[in-house]
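Use these hints to put chain Y onto chain S, whose structure you have.
Just so you know, the protein sequences line up as chains S and Y, in that order. The opening position of the first sequence corresponds to residue 36 in the numbering used here, with each subsequent residue numbered one higher. The opening position of the second sequence corresponds to residue 4 in the numbering used here, with each subsequent residue numbered one higher.
Don't read these hints as lab results, they were simulated from the structure. C-beta: ideal position from N, C-alpha, C; glycine also. It is possible that part of the hints are untrue.
[What the hints assert, rightly or not] The following residues of chain Y were derived to be distant from chain S, with all beta-carbon distances above 12 Å:
(1) 55
(2) 73
(3) 79
(4) 115
[Unchecked claim] Here are the simulated DSBU-like cross-link-like pairs (lysine-lysine), alpha carbons at most 35 Å apart as the crow flies:
(5) 105(S) to 91(S)
(6) 61(S) to 81(Y)
(7) 27(Y) to 141(S)
(8) 27(Y) to 61(S)
(9) 71(Y) to 61(S)
(10) 27(Y) to 81(Y)
(11) 141(S) to 105(S)
(12) 71(Y) to 138(S)
(13) 81(Y) to 138(S)
(14) 91(S) to 27(Y)
(15) 27(Y) to 133(S)
(16) 71(Y) to 133(S)
(17) 81(Y) to 133(S)
(18) 141(S) to 81(Y)
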Amino acid sequence: SQQGEEDPQALSIQEGENATMNCSYKTSINNLQWYRQNSGRGLVHLILIRSNEREKHSGRLRVTLDTSKKSSSLLITASRAADTASYFCAPPQGGSEKLVFGKGTKLTVNP
Amino acid sequence: DAGVIQSPRHEVTEMGQEVTLRCKPISGHDYLFWYRQTMMRGLELLIYFNNNVPIDDSGMPEDRFSAKMPNASFSNLKIQPSEPRDSAVYFCASSLDRAGGYTFGSGTRLTVV
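Extracted from the complex, chain S is given alone in its bound form:
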């Protein structure tokens, strides 16, 4: 089944550094979404990138999409301790509205 596979599984950086997380998927998509989950909380939608877009920005977030490689990346610039969370990519399954989440990347930003 289609689900995003995030890499790395865990990432630890210092405050102020940039964090890059990668996502690979298997089948063609219309869009791909990224979510954040703080410990003990629900997921929060960060950004949606459509298949005809190559890059999208939202504040300190930059998402890229390469449909030829079936991959996406999430860059967080000038990271803060508050960015500590798990990050998930979610490609829709089979062109549907159904999102199947992978294991995520656990990001730790050390003050």
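Showing chain Y alone in chain S's frame:
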């Protein structure tokens, strides 16, 4: 809008008891999703609805699990009888349309002892 509202936040129950988890989606959202999260299995999609109609329940683990959406403002997920392996955080999410982002509730942490 208050977002997606789930209740209760925490539930501790004994094995064999019936458990009911509740969800109020965002008004106007056409899609409602139920997920379960554990350390071992991550986030699993259990079932989802479109306009109150169940579309895909292939993720429901077994017949002990059932979910209904009697109207656009409410859904419940029932486990009867509950078992210790059902212990997890259960999330409800809603979406405006098929291409939109999901809004998740805060989850219900279920512990079955």
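Hint-by-hint comparison with the structure:
Listed as a non-interface residue, residue 55(Y) keeps its Cβ farther than 12 Å from every Cβ of chain S; the least gap is roughly 15 Å. At roughly 21 Å from the closest C-beta of chain S, the C-beta of residue 73(Y) stays outside 12 Å, upholding its exclusion from the interface. Distance to chain S confirms residue 79(Y) as a non-interface residue, since its nearest Cβ pair spans about 18 Å, more than 12 Å. For residue 115(Y), the shortest C-beta to C-beta distance to chain S comes to about 19 Å, beyond the 12 Å cut-off, and the non-interface label holds.
Between residue 105(S) and residue 91(S), the direct Cα distance comes to roughly 16 Å. Compliance with the 35 Å bound is thereby established for this hinted pair. In summary, the hint linking residue 61(S) to residue 81(Y) is supported, as the alpha carbons are separated by about 33 Å, within the 35 Å threshold. Only pairs whose Cα atoms come within 35 Å are accepted, and residue 27(Y) paired with residue 141(S) is accepted, the gap being roughly 29 Å. This hinted pair checks out: residue 27(Y) and residue 61(S) have alpha carbons roughly 33 Å apart, not beyond 35 Å.
A threshold of 35 Å between alpha carbons decides the hint, and for residue 71(Y) with residue 61(S) the separation of about 32 Å falls inside it, so the pair holds. Taken as a hint, the residue 27(Y) and residue 81(Y) pair is honoured in the structure, with Cα atoms around 15 Å apart against an allowance of 35 Å. Simply put, residue 141(S) and residue 105(S) have alpha-carbon atoms about 22 Å apart, close enough for the 35 Å limit, and the pair holds. As the CA atoms of residue 71(Y) and residue 138(S) are separated by approximately 28 Å, the hinted pair is consistent with the 35 Å bound.
Restraint check: the Cα-Cα separation between residue 81(Y) and residue 138(S) comes to about 26 Å, which is no more than 35 Å; the hinted pair holds. A hinted pair counts as satisfied when its Cα atoms are at most 35 Å apart, and residue 91(S) with residue 27(Y) qualifies at roughly 32 Å. About 19 Å separates the Cα atoms of residue 27(Y) and residue 133(S), which keeps this hinted pair within 35 Å; it holds. About 18 Å separates the Cα atoms of residue 71(Y) and residue 133(S), which keeps this hinted pair within 35 Å; it holds.
For the hint linking residue 81(Y) to residue 133(S), the alpha-carbon distance of about 21 Å falls within 35 Å, and the restraint holds. Note on residue 141(S) and residue 81(Y): the hinted pairing holds, with a Cα-Cα distance of about 31 Å set against a maximum of 35 Å.
When held up to the earlier numbered hints, the structure conflicts with none and fits them all.
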